[in-house]
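Starting from the given sequences, assemble the full structure and let the hints guide the process.
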Amino acid sequence: MLDGDVRELRRLAASIESFCRERGLGDDVAFDLNLALEELFVNAVKHGGCRGMESAARVRLELVEGGVAVEIADRGAPFDPTAAPAPDLGTPLAARAAGGLGIHLVRQVMRDVRYARTGGWNRVTMRRHL
Amino acid sequence: MALEIHQREREGVVILELKGRITAGGEATALREKVAAVSAAGPTNVVLDLVGVDYIDSTGLGALVMCATSLRKNGGNVKLLNLNRRNIELLVMTKLATVFEIFTDELDAVSSYYPDRKVKTFDILDFVQRMNKEG
Numbered sequence: 001m002l003d004g005d006v007r008e009l010r011r012l013a014a015s016i017e018s019f020c021r022e023r024g025l026g027d028d029v030a031f032d033l034n035l036a037l038e039e040l041f042v043n044a045v046k047h048g049g050c051r052g053m054e055s056a057a058r059v060r061l062e063l064v065e066g067g068v069a070v071e072i073a074d075r076g077a078p079f080d081p082t083a084a085p086a087p088d089l090g091t092p093l094a095a096r097a098a099g100g101l102g103i104h105l106v107r108q109v110m111r112d113v114r115y116a117r118t119g120g121w122n123r124v125t126m127r128r129h130l
Numbered sequence: 001m002a003l004e005i006h007q008r009e010r011e012g013v014v015i016l017e018l019k020g021r022i023t024a025g026g027e028a029t030a031l032r033e034k035v036a037a038v039s040a041a042g043p044t045n046v047v048l049d050l051v052g053v054d055y056i057d058s059t060g061l062g063a064l065v066m067c068a069t070s071l072r073k074n075g076g077n078v079k080l081l082n083l084n085r086r087n088i089e090l091l092v093m094t095k096l097a098t099v100f101e102i103f104t105d106e107l108d109a110v111s112s113y114y115p116d117r118k119v120k121t122f123d124i125l126d127f128v129q130r131m132n133k134e135g
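Protein sequence lines correspond, in order, to chains L and E. Quick note: the first sequence uses our numbering, first residue 1, plus one each step. Quick note: the second sequence uses our numbering, first residue 1, plus one each step.
Be aware that one or more of the hints could be misleading.
Result set (DSSO-like, lysine-lysine): computed pairs, CA atoms no more than 30 Å apart in a straight line [what the hints assert, rightly or not]:
id: 1; chain 1: E; residue 1: Lys19; chain 2: L; residue 2: Lys46
id: 2; chain 1: E; residue 1: Lys120; chain 2: E; residue 2: Lys19
id: 3; chain 1: E; residue 1: Lys34; chain 2: E; residue 2: Lys19
id: 4; chain 1: L; residue 1: Lys46; chain 2: E; residue 2: Lys95
id: 5; chain 1: L; residue 1: Lys46; chain 2: E; residue 2: Lys73
Hints listed in this document are in silico derivations from the structure and should not be mistaken for laboratory results.
Written out as structure tokens, the structure is:
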């Protein structure tokens, strides 16, 4: 369980690192899992109303055939990342807003991204192929 | 890990050596504040040495963009040095690789601020072609 605080990122990163190390998964896998989970967690804290919430999010990782099955759930406002519009990457630098790239990166590094809203939780499942 | 920033100067160019992660946990803000501080006195040319940066998230990418826009608005610029492969991939995925000059050698990065010098930039096209082949 993660509290609604971006300082929890370090704990999240450490958990991902030990998950990968214990299963002999390479740095690339750890990098992608980190990237996707951090982006979704930060989104929930910054934009989903999870800031300051105790036990705001939970993460599950499971090594399955051909990949890592990933689930992240949070108690924030309903947000479906699979429905978020793609950012306009052609915008000139000066007009680009800080942020807004997170969901795009999740889609780039993960497969089978699915969303469900159940029992007051946003639940995102996805897979990192090996 | 908090972001450590070590500042030095080479031929009038401010080199910021970064170590750690550039992420939403406060590190991205630290970078933006540092760049704002070094450029407060006027147009400033900066090289960000990212050799010690193992991870950048979207907030960190946003911080790099904001550093670039604020420096360029004031007549300065920023160049990126020693990005690891995964961080270059992030720049490619977000189409930011084309808006930053990337270098693998500090002297080249510094010399790029001097129009009369020959410099070798990182070949991003070659990198993308190799990335696509491997992917």
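Going down the list of hints, with the structure as the test:
no. : hint                : verdict
1   : E:Lys19 to L:Lys46  : 25 Å, holds
2   : E:Lys120 to E:Lys19 : 24 Å, holds
3   : E:Lys34 to E:Lys19  : 14 Å, holds
4   : L:Lys46 to E:Lys95  : 24 Å, holds
5   : L:Lys46 to E:Lys73  : 28 Å, holds
Taken one by one, the earlier hints all hold for this structure without exception.
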